[in-house]
Amino acid sequence: MTRARDADAEMIAPAHPRHELMVWEALNLALDHALAADDAVFVLGEDVGLYGGSYRVTQGLYAKYGEWRVRDTPISENSFTGLGVGAALVGGRPVVEITTVNFALLALDAIINLAAKIRYMSGGQFRVPLVVRMAGGVAKQLAAQHSQRLEHTVMNVPGLRIVAPATPQDAYWQLTQAVREDDPVIVLEHELLYFKKGPFDIHAAAPPMHSAAVRRVGAHVTLIAWQRMVDVCLQAADLLAQDDIYAEVIDLRSLRPIDLPLLVESIKKTHRGVVVEEDCKFAGAGAEIVAALQETIFFELDGPILRVAAADVPTPYNGALEAASIPDAAAVVHAVRRMVGPREE
Amino acid sequence: MQRDLIKQFLYDMLLARRFEEAAAEQYTQGKVAGFLHLYPGEEAVAVGSLRAAEPGDYVVTPYREHVHALMRGVTPNAVMAELFGRATGCSGGYGGSMHLFSAEHRFLGGYAIVGETFPLAIGVGYWLAMKQSPDVVLCYFGEGAVNQGTFHESLNMAALWKLPVLFICENNRYQIGTEIHRNSAVTEVYKRGCASGVPGKHVDGMDVLAVHQATQDALQHVHSGSGPFLLECETYRFRGHSMADSGAYRSALEMAELKARDPLLNLRNRALQEGWLSEDDIEALFKKAHETVDEAVRFAEQSPPPTDLYKDIYTQPLDVYRGAP
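Those protein sequences? They're chains A and B, same order as listed.
Under our numbering, the first residue of the first sequence is numbered 1, with each subsequent residue one higher.
Under our numbering, the first residue of the second sequence is numbered 346, with each subsequent residue one higher.
The hints are simulated quantities; they were obtained by calculation from the structure and are not laboratory data.
It should be emphasised that the depicted structure is a prediction, and the values quoted were computed from it without experimental measurement.
Don't be surprised by glycine CBs; every beta carbon is placed ideally from N, CA and C.
Among the clues, some could well be false.
[What the hints assert, rightly or not] With a straight-line Cα cutoff of 30 Å, these simulated DSSO-like cross-link-like pairs (lysine-lysine) come out: (1) B:Lys507 to A:Lys64; (2) B:Lys536 to B:Lys546; (3) B:Lys536 to B:Lys507; (4) A:Lys281 to A:Lys140; (5) B:Lys632 to B:Lys604; (6) B:Lys476 to A:Lys64.
[Said to hold, decoys possible] Label pairs and their calculated CB-CB ranges: (7) A:Asp38 to B:Gln374: 49 to 55 Å; (8) A:Asp38 to B:Gln618: 56 to 62 Å; (9) B:Lys632 to A:Ala37: 54 to 60 Å.
Put together the whole structure using the sequences plus the hints.
This is the structure we're talking about:
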């Protein structure tokens, strides 16, 4: 591992001297390193080649690795994702980019019926080392068909692994780990995080692909989130701190599996929890997290674990309505105040 | 030479027919469960085409695939044990009739969602082309699958990148109970690759020698680097779609006409006429096929069941509630 990191460091040095990267740059670097390190890796998807990727994630790779390893595909989500599965069965390590999770609905047969099932159905004879990257979330007034979140759909599928990086550091390492993994991994990216800048240190130890991370230490309530909602929780924690309510913020980082022990450890300390999710509340990812926690540490809790989630609506086009449809820091603060109650002076 | 080939084909088809009859018997006795789709009537397609393929070639099939697995060298014991859901089955008892796999034989599985074989096959083809491998992939599908989007999506990509894929349509005329004229505006399947410029050919799928020859020709095209080829084998299934289907939507006249073209009888009669085989030769083949299948049933019955519910979902066992190791 140390040796691999040194090699990575050498490669990064000329092209990326900065200690800050945007998320897309970190993903780009991870793909560049993966393509350089292993001939079995190839990237495919709509506009990933000559165009450089709809969110720039594959920029420069086509020129460097050629059309067979960075393949522009027709608009055929189910078949090019299934192509990835087929290639993975016989030795390839494909990285499929599905431009947005909304389009991934057309590829669910390849993901759920094929990628997630073949290892088990074949009695373990075939592995499926496939990565499917897809961007989701509510961005900026893209309306109902371009604003979906797909966590709930893929979380319920045995055979898949799901990671959801929120920082450049995690984006680099979780994608790197996903490509090295022998099981199918869904990498959920967020359209509003691609151009978020953050610290990046290639020498820092990589946490396990599926561990959660404490982003802010607190004492009174545990806020659990992933992707963009982590930043919303950090903002809420700042606001709450003004009133001497100290929130612990946990970035889940992985949605299948989830790092329940870390959540349990935090809530044993705070005795209160709020799951903040960008998707609709009903039958969403938060329902699973809350249920698992309440089954595990019910008697540690001072009250029910709450969910702050999106309104149960298709995402509207109008900007004000769109903003009202998903959680913001004020909504998180409001939920926490409801739990904690008026503080005695 | 010709005699050996004829003998092989006849034995293959006798084995295939007997295997499927035995599977049906075991199903009615409750020893085989789930959905069971049988192949009688269509034997010439799998036998003729797969006997033309090289051992290094990959095969992807839909769910009516017992005979394809047998033709690739998966043993009758391993296939029957899989139907019985036993640990000695070719998928360890985890797949069943519709999901036969054998990595050793490059048999990449039977798939139960219509139209799934196309993207898988082009994925294998993509990898072979990228690695400049001499191997090819044979992709089977029924005529009903041609109306799925994956057919058109995948043929387009296969042609665009000249992938080494032979698409073999087993046209048995019925998608369960709906005859091809009631589901397809164009019923000549071999023409339906035209939008992607994939050349196609039609062959009598009740004639094993014709299928064999046509497959050899098609494989030559695929091996030459010219890209994919679409071979339509027009055939007929003598039984219903699955054990749950009596096939009552087909007329007795139609059945009688097609049964008169039984690929086994066809080859048997021709072999006798041409003097390739004697009655005694054929009787010996028949007996050997029966004994082989009887042994497969015995093997399956005596095999242990799988016991580990959680085996091979992931490379390493994974607890969904413990993300960090």
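Hint-by-hint comparison with the structure:
1. B:Lys507 to A:Lys64: holds, 23 Å
2. B:Lys536 to B:Lys546: holds, 8 Å
3. B:Lys536 to B:Lys507: holds, 18 Å
4. A:Lys281 to A:Lys140: Distance of about 21 Å is within 30 Å: holds.
5. B:Lys632 to B:Lys604: holds, 22 Å
6. B:Lys476 to A:Lys64: holds, 18 Å
7. A:Asp38 to B:Gln374: 49 to 55 Å: holds, 51 Å
8. A:Asp38 to B:Gln618: 56 to 62 Å: Check passed, 59 Å falls within 56 to 62 Å.
9. B:Lys632 to A:Ala37: 54 to 60 Å: holds, 58 Å
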